[in-house]
Amino acid sequence: MDIASEVFIEENPERERAPRNFKKNYYLSMTDLTGGSTVVEFTISNRIPQQVFESGEEKSIEIAIDDFIDYWGNDLEEDKFKKRGARIKPHLRLFGQSLLDGEWMEFSSNNKKSIYDQEIRHKLIEKSTEYNDEIEIYGEVQELDNKSETFRLHYMEKGRERRVNVTLGADYKDSIHTALKEDNQKVFVRGTGNFKDQKLQKIEKIDDFQLLDPRDIQFKLNDLKNLGDGWFENTGKAPSAEGLTKLSELFDAYYTEDRNLPYIYPTPEGNLELEWSITDADVILGIDIDSLIGDLLIIYDDKDIQYDLNLNTSSDWKKLNDILKGVY
Amino acid sequence: MDGNTILLRQVVSDWIVDGRLSSQAFRPFSGDRLSTYDGDMISPEETYRHYTEVLCNKSAGVFGITCNEVEGQNLGIIEDRVPYREHISVNFQGVGSGGRRSKSRKLASCAEYRGCLYKPD
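Taken in order, these protein sequences are the chains called S and P.
Note that the numbering used here has the first sequence beginning at 1, numbered continuously upward.
Note that the numbering used here has the second sequence beginning at 1, numbered continuously upward.
Worth flagging that the hints you see were computed from the coordinates, not collected in a lab.
For each residue, glycine too, the CB sits at the ideal point set by N, CA and C.
Take these hints with a grain of salt, some might be off.
[Unchecked claim] Pair by pair, the computed Cβ-Cβ distance ranges are:
1. 3/P <-> 252/S: 45 to 55 Å
2. 307/S <-> 43/P: 34 to 44 Å
3. 205/S <-> 56/P: 39 to 49 Å
[Stated by the list, open to error] Partial list, derived from the structure: chain P residues whose beta carbon lies under 7 Å from chain S:
4. 12
5. 14
6. 17
7. 18
8. 20
9. 22
10. 29
11. 57
12. 101
13. 105
14. 115
15. 118
[Unchecked claim] Here are the simulated SDA-like pairs of lysine to any residue, each with C-alpha atoms no more than 20 Å apart in a straight line:
16. 225/S <-> 18/P
17. 186/S <-> 14/P
18. 58/P <-> 270/S
19. 318/S <-> 261/S
Sequences and hints are given; from them, build the entire structure.
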């Protein structure tokens, strides 16, 4: 019925959702059981049959059953396989798990017929656990394999070192070569990742490749998510990932001083301190990572000036930009 | 020990970004005293080994400030010699939060200018 609801919306694009009682009104009943090879006949019926033809519900159920049968026969076209498969996938590993070699299940409707056995079951599991998705990674280019036209990208994920092979993109070859030559050159890669069992296997296509400034804000804030507790004298607390994400979004939206990037450091309390050098002064901005309230200090040779900043407000971001420009 | 004696500090990798030291590297984290090693008694490499192997802390390198630079910020030097005999404290007592940040920034700049005195391979 979940698939039928999905079909209903596809078949009735003017509708945003299936009728409220669509799933509730239908029920599955076993109407016959034949001996020999066990043949079970099921019927799906509606409690309120007079509504069926007007709403298109029955047609949606019929398509859903046919798609369902094609799925179990591994005969469903790719687009539909991804959509329908998402509904069936949670049950896939258990369904037919104890089928022996030479045993199979046969599904049929008025229009379709399919055979399901261990071979098909394994193919479906393999297909269902492998998928492509967009991915963004900050890392370093480590090895280039000209023969296979791939390079190896080294990156951190939840404090662990990872490596993934990336197919060379013709548009980015020069930048990739530069990244390989420079020591500690950080890069940003956005592309199509191939996943299996939710683990990244490779990046098949690059949509964006950037050589990063060592002070790149998004890279640094993302990198700090890999910091574990105890990083400073065995007691330093790691900043919260949620706070770092929020701050990264705010920087992206409001920070305009791209030519004067901050030096970003964690504090032992789990917050951040950002530092800049501007004409005749140093600037330190302490940020409480949970509240995003900042305490800014401008340090001149002969005096210090302090400001409170609420980084949740665009006006205080403007104040920060103006201070760094020297116009506040 | 005199004004040119270098007081040695260990700096974690997260406090070195693109060659610049965080001012926190020369600010007490808790309390009023900043722990340093007396550079007349112990080499930068030895302080690194003591800090990482005996005290089991992480360090990306050893940096230093002179006693003159500390006194230039109107901060006191205490030859407390505990918990180890090379231990010297820079005294931030009576300095408020803004002053601590300001003075530590200036000390970090001195250390940065002097350069890394020992870095593990």
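Structure-based check of all given hints:
For residue 3/P paired with residue 252/S, a C-beta distance near 48 Å keeps the hint of 45 to 55 Å intact. Under the hint 34 to 44 Å, the C-beta atoms of residue 307/S and residue 43/P, about 43 Å apart, fit the expected range. At roughly 46 Å, the beta carbons of residue 205/S and residue 56/P sit within the given window of 39 to 49 Å. This hint holds: residue 12/P has a C-beta 6 Å from the nearest C-beta of chain S, less than the 7 Å allowed.
A hinted interface residue such as residue 14/P counts as satisfied when its beta carbon comes closer than 7 Å to some beta carbon of chain S; here the least separation is about 5 Å, so the hint holds. At about 4 Å, the closest approach between the beta carbon of residue 17/P and any beta carbon in chain S falls short of 7 Å, and the interface hint on this residue holds. Hint on residue 18/P holds. Least Cβ distance to chain S is approximately 4 Å, under the 7 Å limit. With 7 Å as the threshold, the beta carbon of residue 20/P comes within range of chain S, its nearest partner Cβ sitting at about 5 Å, so the hint holds.
Hint status for residue 22/P relative to chain S: holds, with the closest Cβ pair at about 4 Å, below 7 Å. Annotation: interface hint on residue 29/P holds; nearest CB of chain S at approximately 5 Å, less than 7 Å. Because the closest C-beta pair between residue 57/P and chain S is about 5 Å apart, less than 7 Å, the hint holds. Because the beta carbon of residue 101/P sits about 5 Å from the nearest beta carbon in chain S, less than 7 Å, this interface hint is met.
Hint status for residue 105/P relative to chain S: holds, with the closest Cβ pair at about 5 Å, below 7 Å. Hint status for residue 115/P: violated, given a least beta-carbon distance of 17 Å to chain S, over 7 Å. Look at residue 118/P: its Cβ only gets to about 18 Å from chain S, farther than 7 Å, so that hint breaks. Pair hint residue 225/S plus residue 18/P holds up; C-alpha atoms about 19 Å apart against a cutoff of 20 Å.
Between residue 186/S and residue 14/P, the direct Cα distance comes to roughly 16 Å. Compliance with the 20 Å bound is thereby established for this hinted pair. Of the supplied pair hints, the one linking residue 58/P and residue 270/S holds, its CA atoms being roughly 17 Å apart against a limit of 20 Å. Distance hint between residue 318/S and residue 261/S is fulfilled; the C-alpha atoms sit about 15 Å from each other, no more than 20 Å.
Checked against the numbered hints given earlier, this structure breaks hints 14 and 15; the rest are met.
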